[in-house]
Amino acid sequence: MRKTGWFFIIAATLFSAGVSQAAQRNVITPEGAKPSKLFSPAIEANGLIFTSGQLALDPASGKIEGDIEAQTRQAMKNLQTVLAAGGSSLDHLVKINIYLKNIDDYAKMNQVYVTFFNGAPPARTALQVGNIPMDGLIEIEGIAVKR
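Residue numbers (mature numbering (1 follows the signal peptide of the UniProt record, and there is no 0)): -22 to -1, 1 to 125.
Simulated from the structure, these hints should not be mistaken for laboratory data.
These numbers come from a predicted model, not from an experiment.
Using N, Cα and C, we set each Cβ at its ideal position, and we do this for glycine too.
Mixed in with the good hints, there may be bad ones.
[Claimed, not checked] Simulated DEER-style distance windows between Cβ atoms:
| hint | residue 1 | residue 2 | range |
| --- | --- | --- | --- |
| 1 | P37 | L16 | 13 to 23 Å |
| 2 | R125 | V92 | 21 to 31 Å |
| 3 | V92 | K15 | 31 to 41 Å |
| 4 | A1 | A48 | 34 to 44 Å |
| 5 | D82 | P111 | 15 to 25 Å |
With the hints as extra help, turn the sequences into a complete structure.
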């Protein structure tokens, strides 16, 4: 058999194995979270947890309040809650994206952010965006490995 023939046999075998083992996609919803028709709090697939953006929404009041430090703290706590519901934690984050209403809040946000990690922090992107829902100052999303 020619070399190109082997390539097609191997490629077809790998492709069919991948198709027959389709990834499971599980919705993660923390206890007490209100369901939304727009998005899931998180999705677990192939051992990874992909969270939706977490605002600094206080679960008790349903409001966003406080300065950038308070909002960073609350958004990180909300991220922690979603990850825990999926069987993970902040220490298992591999990537985090931070969206700031004002990039001038970067240094103050970082002062709070670093307090949430015991070891090496995850890879991260932080940038300014035009607006954040509910007139928030910050929104944080992450990808974590399931424990």
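Hint check results:
Distance hint for P37 and L16: a CB-CB separation of about 18 Å, consistent with the stated range 13 to 23 Å. The hint said 21 to 31 Å for the Cβ distance between R125 and V92, and at roughly 22 Å that hint holds. The hint said 31 to 41 Å for the Cβ distance between V92 and K15, and at roughly 36 Å that hint holds. In this structure, A1 and A48 meet the distance hint of 34 to 44 Å, their C-beta atoms being roughly 38 Å apart.
Roughly 20 Å separates the CB atoms of D82 and P111, a value that falls within the hinted 15 to 25 Å.
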